[in-house]
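2 protein chains.
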Amino acid sequence: MTSNENQDPTVPKTHPRYESLKYRHKIIEGMKNLVVAEAGLIAHGRGECFDYILGEKTTQYAKKAIGAAVAAILLAEKPVISVNGNVAALVPDGLVSLSKILIAPLEINLFYQKEGRIEAIKDILLKAGATIIHGINVSKMVDLEGLESNRRKVELIADADVVLVPLEDGDRTEALKKLNKTVIAVDLNPLSRTALWADITIVDNIVRTVPEMIKIANELKKLNITQLKQILQKFNNKLNIQNTLNLIVEYIERQKEKAFEIVKFRL
Amino acid sequence: MTSNENQDPTVPKTHPRYESLKYRHKIIEGMKNLVVAEAGLIAHGRGECFDYILGEKTTQYAKKAIGAAVAAILLAEKPVISVNGNVAALVPDGLVSLSKILIAPLEINLFYQKEGRIEAIKDILLKAGATIIHGINVSKMVDLEGLESNRRKVELIADADVVLVPLEDGDRTEALKKLNKTVIAVDLNPLSRTALWADITIVDNIVRTVPEMIKIANELKKLNITQLKQILQKFNNKLNIQNTLNLIVEYIERQKEKAFEIVKFRL
Chain D
161 MTSNENQDPT VPKTHPRYES LKYRHKIIEG MKNLVVAEAG LIAHGRGECF
211 DYILGEKTTQ YAKKAIGAAV AAILLAEKPV ISVNGNVAAL VPDGLVSLSK
261 ILIAPLEINL FYQKEGRIEA IKDILLKAGA TIIHGINVSK MVDLEGLESN
311 RRKVELIADA DVVLVPLEDG DRTEALKKLN KTVIAVDLNP LSRTALWADI
361 TIVDNIVRTV PEMIKIANEL KKLNITQLKQ ILQKFNNKLN IQNTLNLIVE
411 YIERQKEKAF EIVKFRL
Chain E
161 MTSNENQDPT VPKTHPRYES LKYRHKIIEG MKNLVVAEAG LIAHGRGECF
211 DYILGEKTTQ YAKKAIGAAV AAILLAEKPV ISVNGNVAAL VPDGLVSLSK
261 ILIAPLEINL FYQKEGRIEA IKDILLKAGA TIIHGINVSK MVDLEGLESN
311 RRKVELIADA DVVLVPLEDG DRTEALKKLN KTVIAVDLNP LSRTALWADI
361 TIVDNIVRTV PEMIKIANEL KKLNITQLKQ ILQKFNNKLN IQNTLNLIVE
411 YIERQKEKAF EIVKFRL
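First to last, the protein sequences are chains D and E. For reference, each letter of the first sequence is one residue, going 161 to 427 in our numbering. For reference, each letter of the second sequence is one residue, going 161 to 427 in our numbering.
In short, the hints are calculated from the structure, not lab data. All of these numbers come straight from a predicted model, not from anything done at the bench. Hints may contain errors.
[To be verified] The list that follows gives simulated cross-link-like pairs (lysine-lysine, PhoX-like), each with its CA atoms no further than 20 Å apart: (1) D/K300 to D/K238; (2) E/K398 to D/K418; (3) E/K398 to E/K223; (4) D/K274 to D/K192; (5) D/K274 to E/K192; (6) E/K223 to E/K389; (7) E/K217 to E/K173; (8) E/K223 to E/K418; (9) D/K418 to D/K223; (10) E/K381 to E/K398; (11) E/K287 to E/K192; (12) E/K337 to E/K313; (13) E/K381 to E/K260; (14) D/K192 to E/K274; (15) E/K398 to D/K416; (16) E/K389 to D/K192; (17) D/K398 to E/K416; (18) E/K282 to E/K186; (19) E/K274 to E/K313; (20) E/K418 to D/K398; (21) D/K192 to D/K173.
With the rest of the complex left out, here is chain D (with noise of 0.2 Å):
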């Protein structure tokens, strides 16, 4: 980077961490839109993180966990997709794109409240081409058992039988597991709470997760009934979690030398 006079530096595309400088752009531009909370920021830290040390890619084990996940949507009577500040601010096109494919309604679920925060997030998705979004209207919202955040108000999560949780909080996952709703989470931190109470975690990035649900979505739903339910009793989602974790075990550990290339010269 040749200029930070800004937080807005045009960073070129052939710069190493282009992809994760241009994302971070984005949560800090939705922090002064009003979409991402302050704490949001820092959460997409922790994710950058565990991104890294996973190798910045979407892995086998996740891939399987969007196979099972697809399928749980698509077999679900009543799937919703819970939205949050990041993940608007992220990626709003496709989380428009999937909802349409997966026919599976968007609702707005905030941890933090802030006066304008709903309407921005609103805004976003219009633009991104929604044409209803829930968890807007206060009127038509009830609470959910066992949580005391601002997450407790939803709307047709409530009834919901499936219902997808990208970047959520361990609270939350647990209220809604303990409602016998099956919980799909994308997580990158695969200790997270969250992570572990899910039935089906997706221990990846949501930059590459949403794309590759539509991608995974178009396939399965030329499958029947039975061949969606074979996908998901195949998968086990704590044995997915232990192998996600074997690879960034595998990662420090060829890094123990790899690392210090970048200095040899110097040594």
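Given the structure of chain D, go ahead and fit chain E onto it with the hints provided.
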């Protein structure tokens, strides 16, 4: 947390993540007061993640690096402590104490310039008891070779032999090394370019490192030059980083079963 209407929740001291949430709050407040850049919040999140997989404690290898770092600063002719926004927001009092004990001046050095930022950081350091703060008066500054970002502007760092850089970016660490300075880094990412390029890498959370450095400085000040040199000679930074990576691997391996205990009653 029972309240999240705003982002200033009163977290009870009994909360399992009390310490982590307290410093997260300081970083968010720091941004509101101009001390911390927006990107500093994301960087803080990355650090949180690495701290998490290191068990959120100062490891034996971090303690070894701290010993070597204090010895190097005590042996230095012209040591400098470089201060950025995150460090100033997190541990202003500790920085000032450390600077006084080690007789190592503080110099503000920022990646992201913004009107009022340097003054905000100066104020926080003055309030913490600092008497002289460098890196404020542009007329006293020179350009560091091989660096294009704002961080090239330095005052005492230009002639320093040992520079302590907490939470540094890779470009500057590399530039400082190419100018043959001894670089001591505090970085939670053991694989960052800063961590790899530095002569002494303290892989630890700055909020624990600074008090530990003060404690060790009080002890090592009683030693003579030969004894201090012995501490430095025994220290092997590459091996120390590799041992730290082993701790991460051990942590992840343990969690492969242990983490799932929280959901056991459900499985």
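query = Would the pair E/K287 and E/K192 pass a check requiring their Cα atoms to be no farther apart than 20 Å?
reply = holds, 18 Å
inquiry  = What's the verdict on E/K381 and E/K260, does the C-alpha distance respect the 20 Å limit or exceed it?
reply    = At roughly 12 Å apart (the allowed maximum being 20 Å), E/K260 and E/K381 satisfy the hint.
task = Given the hint that E/K398 pairs with D/K418, test it: the Cα-Cα distance must not exceed 20 Å.
result = Holds, at about 12 Å.
key: Given pair status - E/K186, E/K282, alpha carbons within 20 Å   = holds, 17 Å
query = Given the proposed pairing of E/K418 with D/K398, does the C-alpha separation stay at or below 20 Å?
reply = holds, 12 Å
request  = Assess, step by step, whether the Cα of D/K418 is no farther than 20 Å from the Cα of D/K223, and give holds or violated.
outcome  = Measuring from Cα to Cα gives roughly 27 Å; hence the hint is violated.
key: Proposed proximity, E/K173 with E/K217 (alpha carbon, max 20 Å)   = holds, 18 Å
task = Starting from D/K192, check that the Cα of E/K274 is at most 20 Å away, please.
result = holds, 16 Å
ask   = Does the alpha-carbon distance linking E/K223 and E/K389 stay inside the 20 Å limit?
value = Holds. E/K223 to E/K389 sits at ~17 Å (cutoff 20 Å).
query = Holds or violated: are the alpha carbons of D/K398 and E/K416 at most 20 Å from each other?
reply = Since the Cα atoms of D/K398 and E/K416 sit roughly 9 Å apart, the hinted pair holds (cutoff 20 Å).
inquiry  = So if I understand the rule, the pair passes when the alpha-carbon distance is 20 Å or less; does E/K274 with E/K313 pass?
reply    = holds, 15 Å
inquiry  = For E/K398 and D/K416, compute the direct alpha-carbon distance and say whether it is at most 20 Å.
reply    = Measuring from Cα to Cα gives roughly 9 Å; hence the hint holds.
Of the hints listed earlier, those the structure fails to meet are numbers 8, 9, 10, 16 and 21, in rising order.
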